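**Q** Fit chain B to the supplied structure of chain A, relying on the hints for placement.
Chain residues, written in single-letter form:
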Amino acid sequence: MKRILPFLILTFILVSIAFGQTARRPTIMVVPSEQYCISRGYSTTFVNEGVEQTIPDYRRAMQSDPDLRLVITKMGGIMADRGFPLKDLEQELRNLERQSAELEMLASTETGSGIAESPIDRLKRVAQADIILDLDFTINTRGPQRWITFNLRGLDAYTATMVAGAAGSGQPSTSAPPDLLLEEAVLSYMDEFNGRLMTHFEDMFRIGRQVTIRVQVWDSAFFDLYEMFYYDGYDMELIDIIEYWIEDNTVEGRYSLADGSNNFLRFDQVRIPLFTVDPRGRERAMDTRRFVSGLASYLRQNFNIDSHIHQRGLGEAWLIIGER
Amino acid sequence: MKTTTLLFTLIVMLVFFGCASRRERQILYSSSYNFEIQPAGVGQDGTKAVKVWGYGRTPEDAVKAAKRNAVAASIFHGIPAGPGVGRTPAIVTEHNADVKYADYFDEFFKTGGRYLSFIALSTDGPPSGQDRLRIERNYYKVGVNVQIMHDNLRRELENAGIARRLDHGF
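Chains as they are written, first to last, in the working numbering: chain A, 1 to 324; chain B, 1001 to 1170.
Please keep in mind that the hints were generated in silico from the structure rather than gathered at the bench.
Computed from a predicted structure; not experimentally measured.
Positions of the beta carbon are idealized from the N, C-alpha and C atoms, including for glycine.
Keep in mind that the hints are not guaranteed to be accurate.
[As the list claims (entries may be wrong)] The following label-pair restraints were derived from C-beta to C-beta distances:
(1) A/Gly77 <-> B/Thr1058: 39 to 45 Å
(2) B/Lys1110 <-> A/Tyr298: 58 to 64 Å
(3) B/Ala1090 <-> A/Arg59: 36 to 42 Å
[Stated by the list, open to error] Listed next, the stretches of chain B that the computed footprint assigns to chain A, with coverage defined by at least 3 CB atoms under 8 Å from CB atoms of chain A:
(4) 1085-1091
(5) 1156-1170
The following block holds chain A by itself, in its conformation from the complex (with noise of 0.2 Å):
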């Protein structure tokens, strides 16, 4: 009994370990794409810095065009189907508004004080998500005949990469009225869609997450990234130490130094865990901020370097050295 004791208490830890973790999910939302509200005139035309610039305007597509929220809806069925609600894009534009006036009124009610808030704060009470499903389509004709032209692209919206694509026309059709067609397109091309997705999501558990990572020198800071350090019996640039850690704490590797100066330092395709163990010693679900937190932790720990982690959702944080 005393041999099997231990034998069953670490098979208790190893199973809750196993079942108990769940990486962070990412938002899925769908938004139709800029051509589509472009050319259907669901924009906005300004003046920026003396030259034009049209951008879609989704508040107003939302509420004018039918066969949008009817594609939206049957999209949002079948991933609510597959596990994977979808965030809704009319729901959170007006969240948004709402929340907006209400931070205005806010005031506490010893001393009648607002709510801090910084202008990247304001900036970044947009409508967001990790996944977005740029979503166009158009109804043809020719002659009696109607078909429908669908594009569906799933964008990783931290790495701009596209994780899942599906694309076709439908039949066409003399009796069928739009709608019906629409719908048809959507139950044609969901399946393959999802079957790639369920591929990013594989490879996803397989090497990691991916995710992009920026460092950033503060203006204020008395070094750059190409300031020498000693470190490990060596004499090394701020530069190669950065990219070490990155190289050294990344699935398999798995990174690519796309650009930098001696400012700044862009990661593409970051393969970071999907878990980690905290100080506490507890596992926990990674984000990229987590992961760009441990990189802090070292320089602070071993260069007594301070720096300041700029969070941009799930898949991407900067790192702004030199100061908190």
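**A** Here is chain B on its own, set in the frame of chain A:
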């Protein structure tokens, strides 16, 4: 005598090679990798409309084999794209799942097994015309239109722990 021996050897060889090629053909017909399936349109919500072919000693046997093939193709092989219809990937993506879960699939695909509950509609009864081909003296190839309850089938395999859910691990 020499001529008789030569003739006899020739006959034996002909019989031998003839049998071998027939056996090979029969192995091909009953192969678990031989799926002949094509989309027959976009199915209603949660279903797939396909035309699938089956082989058998009688047209009735071939129809049964076709239904079995429709379900097996959805699980292991996927359904290719067709005019106006996108590709449907295989429900089970794990390599060698048919061997790994052989006990489950033997029970699932046995005669009158549960695979039949995922066929919603079929043009049952031996077809005629181009959909009924007599390829050997006692061998038929028939094509039937089948509606597969694809979402139900996927859910069944997910619940059995054979297929991975899209949100698996999250």
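**Q** When the hints from earlier in the document are held up against this structure, which numbers fail?
**A** Every hint satisfied by this model.
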